[in-house]
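Chemist: This is what each chain is made of:
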Amino acid sequence: MLALHGVTKRFGDTVALDDVSLDVTAGRTTALIGPSGCGKSTVLRLLVGLVRPSDGEVMVGDVLVGRDTERAVRRTVGYVIQEGGLFPHMTARRNVTLAARHAGWTPERIGERLETLVALTSFPGDALDRYPLQLSGGQRQRLALMRGLMLDPDVLLLDEPFAALDPVVRHELQEELRAIFERLGKTVVLVTHDLAEASFLGHEIVLMDAGRIVQRGAFRDFVDAPATPFVTRFVRAQRAPWDAS
Amino acid sequence: MRGALLLAMLLAGGGAAVGGEEPLRVGSKKFTESVILGDTVKLLLESDGHRVEHKKQLGGSRILFDALESGEIDVYPEYTGTLLRELLADARLATWNDAKVHLRSRGIGVIGPLGFNNTYALGMKEKRAASLGIRMISDLREHAGLKLGFTNEFMQREDGWPGLRTRYDLPHEDARGMDHDMAYRGLGAGEVDVMDCYSTDAEIVHYGLRTLEDDLAYFPSYQAVLLYRVALETEAQGIVALLSQLAGRISADLMRRMNAGVKIERRAELAVAAELLEAATGVRPVEVIVATRAERVWRRTKEHLLMTAIALTAIILLGLLLGVAAAKVRWLAPPILGFVGLIWTVPALGLFYVMMPVVGLYEKAAITALLLYGLLPVVRNTQLGITTIAKPIMESAHVLGLSAWERLRRIELPLAAPSIFAGIKSAVVITVGTATIGAIIGAGGYGQPILTGIRRDDMAIVLEGLLPAMGMALVLLMLTDLVERLIVSPGLRLKADR
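Line by line, the protein sequences are chains Z and F. Take the first sequence: its letters are residues 1 to 245, numbered as in this note's numbering. Take the second sequence: its letters are residues 1 to 498, numbered as in this note's numbering.
Everything labelled a hint here was simulated from the structure, so no lab data went into it. Among the hints, a few may not be true.
[Unchecked claim] So the derived list for chain F, only partly shown, Cβ under 8 angstroms to chain Z, looks like this: (1) 384; (2) 388; (3) 392; (4) 393; (5) 395; (6) 398; (7) 401; (8) 408; (9) 411; (10) 415; (11) 482; (12) 486; (13) 490; (14) 491.
The model shown is predicted, which means the values in this text are computed figures rather than measured ones. We treat Cβ as the ideally placed atom computed from N, Cα and C, and that holds for glycine.
Chain Z on its own, in the form it takes in the complex (with noise of 0.2 angstroms):
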C-alpha cells in the first residue's frame, strides 16, 4: 500500500534517510519507533509530499509521490501531526470540514460525515463551536484526528499523536484509538518514541535508528530476537517501572 524504494533524504550535510525501503501492509497498523532524530518523521513527511527524497521513490497504492501527483495523493492520505497543527483562527467545526469544503463537498454530505466522526471520536458535541484554545488537550487531539479523517483516506498518518497529553488521558485515547483503528480498517502508520505505545497500538513495529531501519516485527522478537546490541539497549531504555523489581 505504502512503499519507499531506496529513499534517501539528505538536509545540507545531515543524512536523515539512507537509503531506506520500506513496504506497508494495507490494513494494517505499522508502527515506527526510535530514538530523536532517527527519521522517523522524514518517512510520514515523505508520505505526503512534504518534503521530497534526494534519492529513490515514494509510492501511496499505484502513485508515484512527486509535485505533479501530491495533492491527490493528499486526498487519500490523512495526516495528524503533534500539537494537531489546529488552526486557532477557526473554530472546531471549521477545523475539521475545511478540507472538504474545498474539496466541494454538499452541506449534507459535511453534516452526515461530521456526526459519524463526532460519535467515532467521542468529540463532545457543543465543542464544536469552540475555538483550538477553548479546548483541553485530548480535545485538540481528537479534533486533529476527526480533520485527519474527514475525507475518507485509505491512509492515516499519525505523527507523535499523543505526545503533548498528560499520561491520563493518553491512556484513554490510546484504548479508543485502537478501537476506531480496528473498526475503519484503514492503512495506518503511527510515530512514537515509546515502544508501550508502538506495542499496543502497532501490528508491526519498525525499529530506526540514524536514518536507517534496524528491525521490524512483533514486539515479541525485539525482547527474544534483537537483531542488534542497540536494539536490546533500545529495549531496555524503555522497560516499565514493574520490571526493575
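Once you've looked at the hints, dock chain F against the given chain Z.
Modeler: Using the frame of chain Z, we list chain F on its own:
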C-alpha cells in the same frame, strides 16, 4: 478595507464634481506680502468672472518659478532682484530688460513693476530722525555717535553693511549684529538708533519708523512684478490686460499698510487684499467671503481626509501585495524590504522636492509621498505575520490539499491579520501626521493653518490645524480598531488573553 476604498472613491468623486472648466491657478510664497498679493490677483480675476484657485504659501522662489515654468501655476508675484540675483543668476543678465527678454524666451511674461520696491532699507524712529534732521543715508555721515543694530545676515552679506559702509563712507565702527525683533525693541527703548529692515515691513508702520532714502542707489532694486505663463495670452484672452491694471498702482506705503493689516491687526489676508485691490485699481471685488473658522476647518478636513483616505487605501492594497510577495517569494524579500526601508530614511521635505519633476505639486504629489511613507509598516508586518506562522499549521494546510490561493486566503492572511492591523495603525498615524506637510506643496489640508499660524505667529491658527489633525488620527485609529474586531477571528484574540 472595503470601507476605506468606498470613502476614497466618494471623496474623489466629490472633488471631481466641482471641476468643470480648469480654474486659473495663482501661486504665492510663504510670506505675508506674497500671500496678500496672491489674494489680490485672485480677487481681480474673479471680478472679471474667472474661476481662480489660490495656492497659498507654496514655498520659496525656486519652487514657484519652477511651478510656473512647468505650467503648474499660471501667475505669481515675484521681485526683480530675486530674478536677477537668484533665479536667473546663471544667465548673467546685465539689465532688467535683458531679463524680460530671457523670461519671454522661456515662456514667462512679466506684468509691472507694480509700484513698490521691497529692498533693504535703513530705518530710524521718526522723532529721532526728525530731531537730527536725517532724511537720507548720506546724512548719517554727520552723526558718528549713532548706535547701529543690524541683523546678522545684513552684517555679513557683501551687499549688506560692509558694502554700504564703503559706498557711503560711513564713520560708524561699532555696528552690532542682533535679532530682527530685538532690534525693533532696542529701537523703542533707545538702545538702537538705526536698524536695517525691508522697505515694506509692517513694523515700519507699527513702530513709526522713517526709512532713509538710499540717495546713492546702493541697495539693489527688488521691484514687485507679476510673472505669468505666456500661453495665457492665447488661452485666456484679456487676462494680461486685466492684471496690468495693478501695474504701478501699489506704492510702498500702501503695501506697508496692507502688511500691517495682516501682521499687526491680524485681519484675514483676503479682506486686506480686497482693500488693496480697491485702493490700487478702484475695482470692487465681486464678493469677499472671509471664511468662518468652522468653514475653514471643514474645508481643511475634506482636503486632509481626501489625501489621507486615498493614500491609506493605496498603502493597504499595495502594502498587502508587497508584504505577501516578500513572504512568499524568498528572493523578493530583500529588494522589497530594502526599498520601503530606504524610502523611510528620506526626509519628507526632501522627498517632495525630489519627486517634483515627476509628479509635480499638489494632491497627487502629496498622496504619492504619503503612499511611499506609509508602506513600510504594512509591508513589514504583513511579511512578518505570514512568515512567523507556526510550521505545523502551514504543513497541515498543505496536507489538507489547499491550493496556494486558498492557503493565503483562509490560513495565512487570517493568521497574519493581527500583525497586519498593527502595521495599518502605524500607517494611519504616520499618514495623517505627514499629510500636514502637504501644505507646502499646495495640497491643502490641516498643514495650511499650521503654516499660516507659524507665519503670522498666531497660536490660535496653528491649533486650528493641529487639533483636528490629532482628532482625525484618533478617529481613524478607532475605525481601524472596529474593523479589526470584525475581521480578526475571536480564536486569535484568546491567545492575547492568555
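Chemist: Work down the list of hints and note, for each, if the structure agrees.
Modeler: These are the hints, each one checked on the structure:
Proximity of residue 384 (chain F) to chain Z is violated relative to the hint, the smallest CB-CB distance being about 17 angstroms (cut-off 8 angstroms). The beta carbon of residue 388 (chain F) comes no nearer than 13 angstroms to any beta carbon in chain Z, farther than 8 angstroms, and the hint placing it at the interface is violated. The criterion of a C-beta within 8 angstroms of any C-beta in chain Z is met by residue 392 (chain F), whose closest approach is roughly 4 angstroms, and the hint holds. A distance limit of 8 angstroms between C-beta atoms decides the matter here; for residue 393 (chain F) the minimum to chain Z is near 5 angstroms, and the interface restraint holds.
With a cut of 8 angstroms, the hint placing residue 395 (chain F) at the interface with chain Z holds, because the nearest CB-to-CB distance is about 6 angstroms. Proximity of residue 398 (chain F) to chain Z holds as hinted, the smallest CB-CB distance being about 6 angstroms (cut-off 8 angstroms). The criterion of a C-beta within 8 angstroms of any C-beta in chain Z is met by residue 401 (chain F), whose closest approach is roughly 4 angstroms, and the hint holds. Using the Cβ-Cβ criterion of 8 angstroms, the hint placing residue 408 (chain F) at the interface with chain Z is not satisfied: the shortest such distance is roughly 13 angstroms.
About 6 angstroms separates the beta-carbon of residue 411 (chain F) from the nearest beta-carbon of chain Z, less than 8 angstroms, and the hint is met. About 6 angstroms separates the beta-carbon of residue 415 (chain F) from the nearest beta-carbon of chain Z, less than 8 angstroms, and the hint is met. The interface hint given for residue 482 (chain F) is broken, as the beta carbon of that residue sits about 19 angstroms from the closest beta carbon of chain Z, more than 8 angstroms. Evaluation of the residue 486 (chain F) hint against chain Z yields a violated restraint, the C-beta minimum of about 14 angstroms exceeding 8 angstroms.
For residue 490 (chain F), the interface hint holds, since its Cβ comes within 8 angstroms of a Cβ in chain Z; the closest pair sits about 7 angstroms apart. Annotation: residue 491 (chain F) was flagged as interfacial toward chain Z, and the flag holds, the nearest CB pair being 3 angstroms apart, inside 8 angstroms.
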